[in-house]
Amino acid sequence: MTASTHPRRRRALTAAGAVAVSALALVACAGGSAEAGAGGESLTVLLITSHQGAAEQLAADYEELTGVEIDTVIVPYDEIGNTLALDQQSGANTIDVAAPWYVSIGDLAASGAIQDLTEWIEETPDLDVDDFIPSIYDAYTLYDGKRWGLPFDGDTHVLFSNTEILERNGITAPPATWDEYLEQSALITANEGANGVYGNVVFGQKSPLILGASFANRLAGFGGSFVDEDGKPVIDSPEAIAAAQSLADALGSAYPTPAETAFGEGNSAWYAGNAAFIENWTDLGVGSQLNPDSAVKDEWAVSLLPVGGDNTQPRASLVAGFTWVVAANTDKTDLARDFIAWAASSEVNERLLVADPQTGIDPNRISSLESAAYGETYPELQRVNRATLDGALAWPTGKNATQAAEILTDELAKLVAGEVTAAEALSAVQAEWERLLG
Amino acid sequence: MAEIALSRPLAAATVRPRRPAPGPAWAHRLFVAPSVLALLVLGLYPLLFIVAAAFTESSLGKPFQAFAGLETFESVLADADITASLWRSVAYALGVSAASLVLGVAAALALQGAVRSGSIVRTLLLLPLITPPVIVGTLWKLVYNPGGGLLATVLGAAGVPRETIAPLSSTAWALPGVALADVWEWTPLIALLVFTALLSQDAAVLEAARLDGAHGWRLFRSITLPAIGGVVAAAFFIRLVLAFKVFDLVFMMTSGGPGQATTTTSYVIYQAALREFDVGKAAVVTLLLAVVVTVVTVPVVAVTRKLQSNHG
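Sequence order for the protein chains is W and G.
FYI, our numbering numbers position 367 of the first sequence as 367, with every residue one higher than the one before it.
FYI, our numbering numbers position 312 of the second sequence as 312, with every residue one higher than the one before it.
Isolated chain W (complex conformation):
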């Protein structure tokens, strides 16, 4: 009896051992960043899909420059914050560097997902932080009095016009006010809607970076703000309500259908020449010239966002914007810092601004914005991007800012769906924001 059970026990022990070894191997594979082979160094960098072109160029350039291999991880733009937070909280720690939306910096810092870079930034004069565009430097990096990153992608919206459509409809100049924008859009849609050409594109899909951006553009134009100088919510101000109403009024002449329109749908309509006006990042101009699918090459103009109400001063809206951060639990902090210092530098930003194919990157520094290369290649984009130099409108960026952006977007989605009025939507947001942001 005993003799006959021994082989079974041995088999059982062997099987158990194999399972244990397999489990350990799986755990080893799951944790830690990928190391480059043959003793080389590597970094795992988390970026969004819109930055894929930039990621490929950065990875190639940095490897050539330093020999450090850059492994890029690409996720949708509204997933980057939670991907980084979960990676760090779960202990997987596969990410060394990331470029999340600047609005999430406060939440990522509060949750311990990113490193405080204050001392390093202060002790590294080569970073030349005074060269960062002033209106974005604080908004993109500052939380609770500390610096948590370096600006990567400036990302301000401007208004693009299809000059051929305007000409066909007897419009000689793009709109200077949001009311003119509504009138011209309505005229074009009435004249050419039956042919599939519409006055405007409204990015209305329920996402902070999409629908929230459409509202933020108008909020800036009407002279409103998300919060006051003390950080208190003022999202139900008369200016904000007028901005939301202007957004709702734009839906009637918009490319169908606004509630489903995200960047893919809207930009495709623009490139196909089916929309007269589109609010977008300045790099849409680069795409209009270089995109193989673009039917609007040399048939577009760009201008500052219109103004509205009593406001007469155009103001940039920091809609998206992405910041280089170092993951909290990386064991390659020095390497990560070296990389973001290089990637946020003026030289790299300038190269990305004029790259072909386009990289989706906007200016982050004064020197790259004013560079000869940018000015010679895209003089109009350089002109409108100068609007970010002074008093651009930024989203709230502190703790709970991500949730605040979601709440605003939910209420704006109800407005777009016709379920609430502009005043009702923003009144509800104000109440929630007072609870969240103080």
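Among the hints, a few may not be true.
Claimed, not checked - Taking lysine to any residue pairs in the SDA-like style, the calculated list, with each CA pair at most 20 Å apart, reads:
{"id": "1", "chain 1": "G", "residue 1": "LYS245", "chain 2": "G", "residue 2": "PRO132"}
{"id": "2", "chain 1": "G", "residue 1": "LYS62", "chain 2": "W", "residue 2": "ASN93"}
{"id": "3", "chain 1": "W", "residue 1": "LYS146", "chain 2": "W", "residue 2": "ASN329"}
{"id": "4", "chain 1": "W", "residue 1": "LYS399", "chain 2": "W", "residue 2": "LEU437"}
{"id": "5", "chain 1": "G", "residue 1": "LYS141", "chain 2": "G", "residue 2": "LEU151"}
{"id": "6", "chain 1": "G", "residue 1": "LYS245", "chain 2": "G", "residue 2": "PRO226"}
{"id": "7", "chain 1": "G", "residue 1": "LYS62", "chain 2": "W", "residue 2": "THR94"}
{"id": "8", "chain 1": "W", "residue 1": "LYS399", "chain 2": "G", "residue 2": "THR56"}
{"id": "9", "chain 1": "G", "residue 1": "LYS62", "chain 2": "W", "residue 2": "GLY106"}
{"id": "10", "chain 1": "G", "residue 1": "LYS62", "chain 2": "W", "residue 2": "GLY112"}
{"id": "11", "chain 1": "G", "residue 1": "LYS141", "chain 2": "W", "residue 2": "THR83"}
{"id": "12", "chain 1": "W", "residue 1": "LYS399", "chain 2": "G", "residue 2": "LYS306"}
{"id": "13", "chain 1": "G", "residue 1": "LYS306", "chain 2": "G", "residue 2": "THR294"}
{"id": "14", "chain 1": "G", "residue 1": "LYS62", "chain 2": "W", "residue 2": "ASP144"}
{"id": "15", "chain 1": "G", "residue 1": "LYS62", "chain 2": "W", "residue 2": "GLY91"}
{"id": "16", "chain 1": "G", "residue 1": "LYS62", "chain 2": "W", "residue 2": "ALA110"}
{"id": "17", "chain 1": "G", "residue 1": "LYS62", "chain 2": "W", "residue 2": "LEU86"}
{"id": "18", "chain 1": "W", "residue 1": "LYS332", "chain 2": "W", "residue 2": "TYR62"}
{"id": "19", "chain 1": "W", "residue 1": "LYS399", "chain 2": "G", "residue 2": "PHE67"}
{"id": "20", "chain 1": "G", "residue 1": "LYS62", "chain 2": "W", "residue 2": "THR83"}
{"id": "21", "chain 1": "W", "residue 1": "LYS232", "chain 2": "W", "residue 2": "GLU432"}
{"id": "22", "chain 1": "G", "residue 1": "LYS62", "chain 2": "W", "residue 2": "TYR62"}
{"id": "23", "chain 1": "W", "residue 1": "LYS332", "chain 2": "W", "residue 2": "ASP144"}
{"id": "24", "chain 1": "G", "residue 1": "LYS141", "chain 2": "G", "residue 2": "PHE251"}
{"id": "25", "chain 1": "W", "residue 1": "LYS399", "chain 2": "G", "residue 2": "LYS62"}
{"id": "26", "chain 1": "W", "residue 1": "LYS399", "chain 2": "G", "residue 2": "GLN65"}
{"id": "27", "chain 1": "G", "residue 1": "LYS245", "chain 2": "G", "residue 2": "VAL134"}
{"id": "28", "chain 1": "W", "residue 1": "LYS399", "chain 2": "W", "residue 2": "GLU432"}
{"id": "29", "chain 1": "G", "residue 1": "LYS141", "chain 2": "W", "residue 2": "GLU265"}
{"id": "30", "chain 1": "G", "residue 1": "LYS306", "chain 2": "G", "residue 2": "GLY230"}
What the hints assert, rightly or not - Computed Cβ-Cβ distance ranges for the label pairs, DEER-style:
{"id": "31", "chain 1": "G", "residue 1": "ARG29", "chain 2": "W", "residue 2": "GLY264", "range": "53 to 59 Å"}
{"id": "32", "chain 1": "W", "residue 1": "GLU119", "chain 2": "G", "residue 2": "ALA27", "range": "56 to 62 Å"}
{"id": "33", "chain 1": "W", "residue 1": "ILE74", "chain 2": "G", "residue 2": "PHE64", "range": "29 to 35 Å"}
{"id": "34", "chain 1": "W", "residue 1": "ASP356", "chain 2": "G", "residue 2": "TYR45", "range": "49 to 55 Å"}
{"id": "35", "chain 1": "W", "residue 1": "ASP338", "chain 2": "G", "residue 2": "PHE67", "range": "40 to 46 Å"}
{"id": "36", "chain 1": "G", "residue 1": "VAL154", "chain 2": "W", "residue 2": "ASP116", "range": "57 to 63 Å"}
{"id": "37", "chain 1": "G", "residue 1": "VAL295", "chain 2": "W", "residue 2": "GLN313", "range": "43 to 49 Å"}
{"id": "38", "chain 1": "G", "residue 1": "GLN65", "chain 2": "W", "residue 2": "GLU119", "range": "37 to 43 Å"}
{"id": "39", "chain 1": "G", "residue 1": "ALA52", "chain 2": "W", "residue 2": "GLN289", "range": "52 to 58 Å"}
{"id": "40", "chain 1": "G", "residue 1": "ALA91", "chain 2": "W", "residue 2": "THR163", "range": "29 to 35 Å"}
Hints listed in this document are in silico derivations from the structure and should not be mistaken for laboratory results.
Even glycine gets a Cβ: it sits at the ideal position worked out from N, Cα and C.
Let chain W serve as the given structure and place chain G on it in line with the hints.
What follows is chain G alone, placed relative to chain W:
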């Protein structure tokens, strides 16, 4: 002789078969341990995590920061959008489950009638089931696309103005639009389950019923349905649970919009946990959804058991 002949079976009936000698206790525990461990890891740990998160201030990066008591419950229950999402999820789950059940049973009966071509049809039926939900969502979003989608093309050809055909932008039609995709995806599961039950029917009983004059609806209602009722109810239960969990279709097709028209509770949980970083709120909504699912499914389970015991 007669007494002896009778006593042997009686004796055999009263003598219990000898059980194998019990092994050492540690061996029993060892063999049971993997199951217990799996239950703890897969069932108990997530439940404890959710309960703990619900009663604490918990973010995505830092769960269990401070005890919050019932504060999160109060704020969640006071949120009209969340309570509306619970009702919406109940209506959605019951609606798509009922539709899937009716269509699935009808498809199974049709399959049974066309048994020669059944293998091909069964393979085709599997296609929606094996298609990833992300692809199903994308596919149906293209079907509903007002700019050249299948629906706009067909209705446009019939004279309906194309610019008015945008179901996913309509607060009235967006949820039925998602539901239709859901029914398309999961009805084959019901059909295959019911078809299997139909195959296990006693052919002699069916033949006897036919000889007695039962055909068509009468045969189905009086003979077939009672025989497969337990399986049908169980299939409905499975479908109901699947429908309550719907997330991927909503994520791909509408992002919960327009407005809140397609924001199901599963989507609220995703939004709270992964887009707002508020794990405490997500945990509370999860617990509320669990309560609602339990309340809705308990009667279904009871009916399933009754039908199965009747048939057994």
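Hint check results:
no.: 1; hint: G/LYS245 x G/PRO132; in the structure: holds (15 Å)
no.: 2; hint: G/LYS62 x W/ASN93; in the structure: holds (15 Å)
no.: 3; hint: W/LYS146 x W/ASN329; in the structure: holds (18 Å)
no.: 4; hint: W/LYS399 x W/LEU437; in the structure: holds (8 Å)
no.: 5; hint: G/LYS141 x G/LEU151; in the structure: holds (10 Å)
no.: 6; hint: G/LYS245 x G/PRO226; in the structure: violated (30 Å)
no.: 7; hint: G/LYS62 x W/THR94; in the structure: holds (18 Å)
no.: 8; hint: W/LYS399 x G/THR56; in the structure: holds (17 Å)
no.: 9; hint: G/LYS62 x W/GLY106; in the structure: holds (13 Å)
no.: 10; hint: G/LYS62 x W/GLY112; in the structure: holds (7 Å)
no.: 11; hint: G/LYS141 x W/THR83; in the structure: violated (26 Å)
no.: 12; hint: W/LYS399 x G/LYS306; in the structure: violated (53 Å)
no.: 13; hint: G/LYS306 x G/THR294; in the structure: holds (18 Å)
no.: 14; hint: G/LYS62 x W/ASP144; in the structure: holds (17 Å)
no.: 15; hint: G/LYS62 x W/GLY91; in the structure: holds (12 Å)
no.: 16; hint: G/LYS62 x W/ALA110; in the structure: holds (8 Å)
no.: 17; hint: G/LYS62 x W/LEU86; in the structure: holds (10 Å)
no.: 18; hint: W/LYS332 x W/TYR62; in the structure: holds (16 Å)
no.: 19; hint: W/LYS399 x G/PHE67; in the structure: holds (19 Å)
no.: 20; hint: G/LYS62 x W/THR83; in the structure: holds (14 Å)
no.: 21; hint: W/LYS232 x W/GLU432; in the structure: holds (12 Å)
no.: 22; hint: G/LYS62 x W/TYR62; in the structure: violated (34 Å)
no.: 23; hint: W/LYS332 x W/ASP144; in the structure: violated (25 Å)
no.: 24; hint: G/LYS141 x G/PHE251; in the structure: holds (11 Å)
no.: 25; hint: W/LYS399 x G/LYS62; in the structure: holds (13 Å)
no.: 26; hint: W/LYS399 x G/GLN65; in the structure: holds (14 Å)
no.: 27; hint: G/LYS245 x G/VAL134; in the structure: holds (14 Å)
no.: 28; hint: W/LYS399 x W/GLU432; in the structure: holds (14 Å)
no.: 29; hint: G/LYS141 x W/GLU265; in the structure: holds (12 Å)
no.: 30; hint: G/LYS306 x G/GLY230; in the structure: holds (8 Å)
no.: 31; hint: G/ARG29 x W/GLY264: 53 to 59 Å; in the structure: holds (57 Å)
no.: 32; hint: W/GLU119 x G/ALA27: 56 to 62 Å; in the structure: holds (59 Å)
no.: 33; hint: W/ILE74 x G/PHE64: 29 to 35 Å; in the structure: holds (32 Å)
no.: 34; hint: W/ASP356 x G/TYR45: 49 to 55 Å; in the structure: holds (52 Å)
no.: 35; hint: W/ASP338 x G/PHE67: 40 to 46 Å; in the structure: holds (42 Å)
no.: 36; hint: G/VAL154 x W/ASP116: 57 to 63 Å; in the structure: holds (58 Å)
no.: 37; hint: G/VAL295 x W/GLN313: 43 to 49 Å; in the structure: violated (57 Å)
no.: 38; hint: G/GLN65 x W/GLU119: 37 to 43 Å; in the structure: violated (26 Å)
no.: 39; hint: G/ALA52 x W/GLN289: 52 to 58 Å; in the structure: holds (55 Å)
no.: 40; hint: G/ALA91 x W/THR163: 29 to 35 Å; in the structure: violated (50 Å)
The structure does not agree with the numbered hints 6, 11, 12, 22, 23, 37, 38, 40 stated previously, though it agrees with the rest.
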